[in-house]
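Add chains B, C, D, E, F, G and H to chain A, keeping to what the hints say.
Given next are the chains, with one letter for each unit.
8 protein chains.
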Amino acid sequence: MDKIDIIKLLEAVKNNEIEIDTAAKEIEDLPFKDLGFAVIDNHRQIRTGYPEVIYCEGKTVEQVKNIVEFMLTKDSNILATRASEEMFKAVKEICDDANYNKLGRTITIRKNALEPTESYIAIVSAGTSDLPVVEEAAETAMILGNRVEKIVDVGVAGIHRLFARLEVIRGAKVVIVIAGMEGALASVIGGLVDKPVIAVPTSIGYGANFGGFAALLSMLNSCANGISVVNIDNGFGAAYNASMINQL
Amino acid sequence: MDKIDIIKLLEAVKNNEIEIDTAAKEIEDLPFKDLGFAVIDNHRQIRTGYPEVIYCEGKTVEQVKNIVEFMLTKDSNILATRASEEMFKAVKEICDDANYNKLGRTITIRKNALEPTESYIAIVSAGTSDLPVVEEAAETAMILGNRVEKIVDVGVAGIHRLFARLEVIRGAKVVIVIAGMEGALASVIGGLVDKPVIAVPTSIGYGANFGGFAALLSMLNSCANGISVVNIDNGFGAAYNASMINQL
Amino acid sequence: MDKIDIIKLLEAVKNNEIEIDTAAKEIEDLPFKDLGFAVIDNHRQIRTGYPEVIYCEGKTVEQVKNIVEFMLTKDSNILATRASEEMFKAVKEICDDANYNKLGRTITIRKNALEPTESYIAIVSAGTSDLPVVEEAAETAMILGNRVEKIVDVGVAGIHRLFARLEVIRGAKVVIVIAGMEGALASVIGGLVDKPVIAVPTSIGYGANFGGFAALLSMLNSCANGISVVNIDNGFGAAYNASMINQL
Amino acid sequence: MDKIDIIKLLEAVKNNEIEIDTAAKEIEDLPFKDLGFAVIDNHRQIRTGYPEVIYCEGKTVEQVKNIVEFMLTKDSNILATRASEEMFKAVKEICDDANYNKLGRTITIRKNALEPTESYIAIVSAGTSDLPVVEEAAETAMILGNRVEKIVDVGVAGIHRLFARLEVIRGAKVVIVIAGMEGALASVIGGLVDKPVIAVPTSIGYGANFGGFAALLSMLNSCANGISVVNIDNGFGAAYNASMINQL
Amino acid sequence: MDKIDIIKLLEAVKNNEIEIDTAAKEIEDLPFKDLGFAVIDNHRQIRTGYPEVIYCEGKTVEQVKNIVEFMLTKDSNILATRASEEMFKAVKEICDDANYNKLGRTITIRKNALEPTESYIAIVSAGTSDLPVVEEAAETAMILGNRVEKIVDVGVAGIHRLFARLEVIRGAKVVIVIAGMEGALASVIGGLVDKPVIAVPTSIGYGANFGGFAALLSMLNSCANGISVVNIDNGFGAAYNASMINQL
Amino acid sequence: MDKIDIIKLLEAVKNNEIEIDTAAKEIEDLPFKDLGFAVIDNHRQIRTGYPEVIYCEGKTVEQVKNIVEFMLTKDSNILATRASEEMFKAVKEICDDANYNKLGRTITIRKNALEPTESYIAIVSAGTSDLPVVEEAAETAMILGNRVEKIVDVGVAGIHRLFARLEVIRGAKVVIVIAGMEGALASVIGGLVDKPVIAVPTSIGYGANFGGFAALLSMLNSCANGISVVNIDNGFGAAYNASMINQL
Amino acid sequence: MDKIDIIKLLEAVKNNEIEIDTAAKEIEDLPFKDLGFAVIDNHRQIRTGYPEVIYCEGKTVEQVKNIVEFMLTKDSNILATRASEEMFKAVKEICDDANYNKLGRTITIRKNALEPTESYIAIVSAGTSDLPVVEEAAETAMILGNRVEKIVDVGVAGIHRLFARLEVIRGAKVVIVIAGMEGALASVIGGLVDKPVIAVPTSIGYGANFGGFAALLSMLNSCANGISVVNIDNGFGAAYNASMINQL
Amino acid sequence: MDKIDIIKLLEAVKNNEIEIDTAAKEIEDLPFKDLGFAVIDNHRQIRTGYPEVIYCEGKTVEQVKNIVEFMLTKDSNILATRASEEMFKAVKEICDDANYNKLGRTITIRKNALEPTESYIAIVSAGTSDLPVVEEAAETAMILGNRVEKIVDVGVAGIHRLFARLEVIRGAKVVIVIAGMEGALASVIGGLVDKPVIAVPTSIGYGANFGGFAALLSMLNSCANGISVVNIDNGFGAAYNASMINQL
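In order, the protein sequences belong to chains A, B, C, D, E, F, G and H. Anchor point for the first sequence: position 245 equals 245 in the working numbering, and the numbering is continuous, going up by one each time. Anchor point for the second sequence: position 201 equals 1201 in the working numbering, and the numbering is continuous, going up by one each time. Anchor point for the third sequence: position 237 equals 2237 in the working numbering, and the numbering is continuous, going up by one each time. Anchor point for the fourth sequence: position 224 equals 3224 in the working numbering, and the numbering is continuous, going up by one each time. Anchor point for the fifth sequence: position 228 equals 4228 in the working numbering, and the numbering is continuous, going up by one each time. Anchor point for the sixth sequence: position 50 equals 5050 in the working numbering, and the numbering is continuous, going up by one each time. Anchor point for the seventh sequence: position 134 equals 6134 in the working numbering, and the numbering is continuous, going up by one each time. Anchor point for the eighth sequence: position 71 equals 7071 in the working numbering, and the numbering is continuous, going up by one each time.
Worth double-checking, as some hints may not be accurate.
Said to hold, decoys possible - Sample of chain A residues facing chain C (criterion: CB under 8 Å; computed from the structure):
1) E57
2) K59
3) Q63
4) N66
5) G145
6) A164
7) G211
8) L216
9) N231
10) I232
11) D233
12) N234
To be verified - Straight-line distance between alpha carbons at most 25 Å, and here's what the computed DSS-like set of lysine-lysine pairs gives:
13) K7102(H) x K1089(B)
14) K1102(B) x K3065(D)
15) K7089(H) x K1065(B)
16) K3092(D) x K3102(D)
17) K5014(F) x K102(A)
18) K14(A) x K3014(D)
19) K7092(H) x K7111(H)
20) K5014(F) x K1008(B)
21) K6089(G) x K3102(D)
22) K2008(C) x K6014(G)
23) K7089(H) x K7111(H)
24) K111(A) x K74(A)
25) K14(A) x K3008(D)
26) K4092(E) x K4065(E)
27) K3089(D) x K3074(D)
28) K4074(E) x K4089(E)
29) K6092(G) x K6102(G)
30) K1102(B) x K3089(D)
31) K102(A) x K5111(F)
32) K5008(F) x K1014(B)
Calculated directly from the structure, the hints in this document are not laboratory data. Where a beta carbon is used, it is the ideal one built from N, C-alpha and C, also for glycine.
If we strip away everything but chain A, and leave its shape as in the complex, we get (with noise of 0.2 Å):
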């Protein structure tokens, strides 16, 4: 809301056109419609068909169910992140069009079909095991509406299989690098690329990678610039920042 619009208001105030009490009451509110975001918001989401996001963990099925079930009335977008498979049948039952990544745990309902982005966002991993996140970051990236091109298994213990994909990696507009143990992929392939990386570690790994502390600590401590990193295993986390990026 700017300026005119308050112009606006107040000239129908003196034109009588409106109450005062009614003027009043909406200029009240002015302060988060003036923050702006709320508004601002809502129109990027209707307008680029931004997701509503809901943060399963933590919640019960009955209360996913429910905030699923009030934005449905609304016409946008959803992703439910860390959704059980319990979950997503409580909310099939609700909205027959909602699809689960049972890999990547996460629930996604479209309403407004969107056209993905030219340039793309390229997700590698180091490993096997790293897939969940690999799944979550891309289910995030593509409801945002940016095309992906996934690059998995190409950890630096054979450095061979990263080379053979280097062509794919370095044609994205951001890469997200997702790997546990020591997450060295990171550096590595922060040092071949001139974009961009976003660097996700995983709890995957023996002992002493206390939960993803060790790729995590191994990440931010790069040697290679345009480094940053998110929480671990927060694939929706890099691929909210990723899409950010790309839609720049």
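Frame of chain A, contents of chains B, C, D, E, F, G and H only:
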């Protein structure tokens, strides 16, 4: 080096325009050229004025001086981070154009004036004590050719200061948020802008910030979307990353 | 027990109104009475309806039931925290008035209806997943005789939700802020109200929150003034503390 | 700014008493006024003599001096914490009324004499080595207008020393407990008083206290009720919090 | 085995009372006998009824049963710690005299009744939830031949409970203090008795006790003298140590 | 691929024995062939019977089965670590020769019988509870073609057991030491042998071993020379490393 | 003070031998006398020559000097730990009998010559770098009246050195083991003696000992029985504890 | 000493060729001789020129000088690590042949020239700041008689530098990889060579490397096979280990 170059080389062999031995040598070199990054890196540097970067921590004054001396023979800009005043004095002896940012502890030498980008990087910080990291980030961003807007001392303890500067923050193409203590500023800004946010935890604070670990964890766990994180006090890394995004 | 009581006792001895042996016994008991806390505790409990509290974690169903059984012989209210449904069933068998808050995992038994305080404790939380801690805090605060206002789901990722409820938060005599992930809500509220804020980190979040450690450190390092912190997920402790302040 | 102000403004518009443009400008400013904290903060400061606070850690002598210089133009008291002697000397040059507490490392400038509160804050500490934190807390509490009672060197290793001072501790409206090593003093006092206890862990101790982390964890895990905790060595934070409670 | 034994053996060789081969074999065994601990251990065990100890954690039911079966062929008492009920049932099948302490998770088999020591070990604990460790310690101390006095539920949150039992604690030759949460009980008792105190941190408590780490650090940093610490929840280790001291 | 191959190719071009396009394609592939490791890896595998290795943690039963199925088409041995019994059953269905080590959780399939080395790897462990790691290491070492000697249950608490087996340990070409709790066995053996020692910390122990972290730190800090360390519980990694050394 | 004293007092009141006011005063003081530790402490000190102890860390030279000055007015021995040479010089000025152990950083003043105990404390250490802690422990043990035997530089890297000194270690009544790095010496000695072992981790070692944390964890997790642990580098605490045991 | 020696001794006793007392003395000495390591150690040292090693950290200049002085009376080479320049000066006074490596902080004294091995140890490092550890490793490896090849400044940020040097790395018998920050170099090299890799994390890097902990964890969690790890900055330990392998 692409396929066309190879075919040209083979035709030259076929036409006896080149010795088989010479051609063999050239092809043997292919892997590195073909991987290409060295070449590309060099090209990009010449084309864009990308600086050579020296990380001075753990190096002697002598080593820093020697590296700069060698770089001066090449025609690129130079950025030295974590440089002591003593290092600057040694560099100044061999290059009168060297500048020192005392707070940011950077040495910069500009051989190629760069036209700054139209879009800008917003560098936002919480408190006065975070200024050294702000300066390192700003110097880095500028020598990489970016327009920079600094918005300092807008920590969440007095959130109205932040709102007063919100417009300039939201106008940026990418935002760097620098904060110590609990680093909450990153989350608050992440919730207010729809641009990528790169968060830099700083080592500023009372006892239990554990050298910036508190702010680091805080930023990694941000409930706001679109935030990625770099290492503690790593203003350089944030700016390098932001520059990549700003110049996409 | 003050000097006057002692002098009265000695006069009774002198006047043969009391046996020396009896008096000796009474004096031998003095240290504990003189320290006084037991007495005071008891008095306060009777006077104010202060509950007996049972921390059920690590206790067997049998033990909890037995402790409640014993307490029922006294005339005080009872609060059991971290109670499983199985424990509640066992308690229900011996006390039909027992209530169970499933989310908050509390059992409450009210023998003395308390007039709630006029001033109130605001319990503010960031997300739906924090509700169990909210409920534990609310049940505790209410059985301690406080008026409570709950303001939930106002995390900083959408800061306008917080501003919409700011008035009710600022009206409280003391504020409890419950947040997981990066816990930034505590700092933001700390900067907006001028009442004591008690922050409760919760164990909600992705990998690197380390069971609430991230939020804990964040809150301890808050740049806002007037914030103190209790243990992770300790809704009870926060409410007990808030009740003390609210009833000063 | 409440609804009445808005209605008045609108009536002025309707009655042509004010230009639409001017009114629009005024309404556009509403968010900050409406949030109100700046105004309130200022009012409170003038009314109660609340000091401006400077946290000197990580600031240069020059910066501290400049901030003080600016503050002196306003009519409020000033408190600088973590200030070095060198900083004090610089401040002394521009303000002869400045006082320095060498142990507590605080600079205080009193422009408005405050009548201390009748109720008092008890500041209790375990050992001689905790005195710097005691002094920081005391200076803070006093310049915030509170009566303070210090009870030092009453660590639990010789618990009789504590009992000898128990009466004065129990007479306080709020108690600050400052202890390093294992920080057990907080729990013991928490079990003996029925007033809110704010615990401050200090970084004093042998190897495995890890810079105060041992005491911090100890206090957070206290089995006594009514204890909340601030950051390691944060005497200022504890006193600020205690002052809020003492002046409720 | 001392020099005299060797000389006797050599004289037997010289006098042809023993075969050279036999003697060579016996001497070849010397290193172990000479180190002596095996012999001494065996002797002590027979003389004092010292038990064989089995640490069941990480062993299968089958393995535990087999070890006990083998031990039963020797004439010593048996103690199994961290034993599940399933393990006990398996042992019971082959030894009807086996006893199970469900809370302490110990299996004990007494073949040699021991006259308990006159002096006693005091086992003091803070709360009901610490009882499993108390029981493990008590069973261990008793089968090692010690008189034991248990003083439970005397945590510092209600320090008067502790003072009421102080006499029996101070009468012990050595004191074991078992406490979770912040473990302050160890410091308080350490300040009240002049006997060696062995502190056992337990893993009981809210979030930030980190599985007993808080209590462990607290006890290691105790400001009281005369306290040493064993591993978290290690009731067995504390009792073994206490038994050594009690039987000096 | 060496220079000779390139020259041959060029000669074929010159002699029109090969199309320029085909040659160009082949040269374009050079980087990977030239890096050579894939080729070498394959050769070594066929030549030495090196197994394909599958790390099953975090994979589904289906995934493991599919990977094995694919590998069976190649003529190499197969080793699967961290395999559940369910996984083994699935593998058994498609390969009757598969063997399962229940304790070590390994599946092995031998297609090429290997003559074990003459020199051997000694695998030494401290306690019964370390056996799973011992078995994983032994299975790995054996399928890699090594002779193995196991020396178990020789922890330092009864150091005479270790001395009785010292000769066989000192006869090895390389020693693997597997120990939990404080991991002191590695240091003691490191001081007694003059062969490389690979230490494996295990996650066995009471509370403060923090999932093997205590043993890990202990081994990394060993005062004995010649010790290097692998990840917690990583029997596979130790054996792989030992095999490399044993077969030098 | 026991019941008999109280009865005597009451009889004196009854017989008018004492004023009621005086008696009331005396009874009012009872709590502290009745707790008794102060009295006992004083008595023990006079009787046994127990020293007053000053922990100098975090104290100023001035404070240390003043405390010693006050103590000199009493007739007890004095021990100051963690004392700098500067502190010693200040103390020397007011007490010519003061001695300084430079390595152990202790100041000792002996007013009452103590006959050392017949039984002795063995102080065993791993390396030369641990000597400062050895000296602190030895000075403490001696001024507490114990006979001490030092066995230094017998780390497990060369275990034969240890065996050569085993007899003197086994002859002790209690053993202190001081070791840095991985602290394995404690476990080895624990397995070889049947006396209580008090382990002191030291902060000596390469990077990942984390200021003694590695040795601390190692000792807490010792697989040998009979070991308890004190804080890192806390030679004083170990000796105090050992003295208690040695003088039982 | 084997059985044959014992039988010979007994026969000598039987034949009166030796006094019983003398024989008894000889047998009494058996344990240590039989354990044998002292003898073997001495022999190896004389035969191979193995150096005596002094770890100077935590030792005084005086102590280092004295130890060297004593060692000079024996005929072996000497290596002192972590030696300050001041220590070197003191050593130089008593031994003119002493050499100092300023970067590596080692003192070496060569009394027995060793023919270096034909096979070599490759010492690979990531950056200039890792050079001190490289030098310590190289000095150690060389005085232990090994041929050494250094390949420095080949960190993964510019992976082409590494490929250019790959041949010399792959030609080694054993590889030492030294890297700070995220230590990814170890994984990359581990995936490219089929020789044992010993990884040394260094303490170089920005904030969240926590003194080398990040690189340490990274290396322990390496997804590449054949990597084992030594302590942070422990160039000596890596080289000692590598020497053992190189000389197998």
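Going down the list of hints, with the structure as the test:
no. : hint                : in the structure
1   : E57                 : 7 Å, holds
2   : K59                 : 6 Å, holds
3   : Q63                 : 6 Å, holds
4   : N66                 : 10 Å, violated
5   : G145                : 21 Å, violated
6   : A164                : 30 Å, violated
7   : G211                : 6 Å, holds
8   : L216                : 6 Å, holds
9   : N231                : 4 Å, holds
10  : I232                : 3 Å, holds
11  : D233                : 5 Å, holds
12  : N234                : 5 Å, holds
13  : K7102(H) x K1089(B) : 24 Å, holds
14  : K1102(B) x K3065(D) : 19 Å, holds
15  : K7089(H) x K1065(B) : 28 Å, violated
16  : K3092(D) x K3102(D) : 14 Å, holds
17  : K5014(F) x K102(A)  : 57 Å, violated
18  : K14(A) x K3014(D)   : 4 Å, holds
19  : K7092(H) x K7111(H) : 15 Å, holds
20  : K5014(F) x K1008(B) : 13 Å, holds
21  : K6089(G) x K3102(D) : 24 Å, holds
22  : K2008(C) x K6014(G) : 13 Å, holds
23  : K7089(H) x K7111(H) : 19 Å, holds
24  : K111(A) x K74(A)    : 10 Å, holds
25  : K14(A) x K3008(D)   : 13 Å, holds
26  : K4092(E) x K4065(E) : 9 Å, holds
27  : K3089(D) x K3074(D) : 21 Å, holds
28  : K4074(E) x K4089(E) : 21 Å, holds
29  : K6092(G) x K6102(G) : 14 Å, holds
30  : K1102(B) x K3089(D) : 23 Å, holds
31  : K102(A) x K5111(F)  : 36 Å, violated
32  : K5008(F) x K1014(B) : 13 Å, holds
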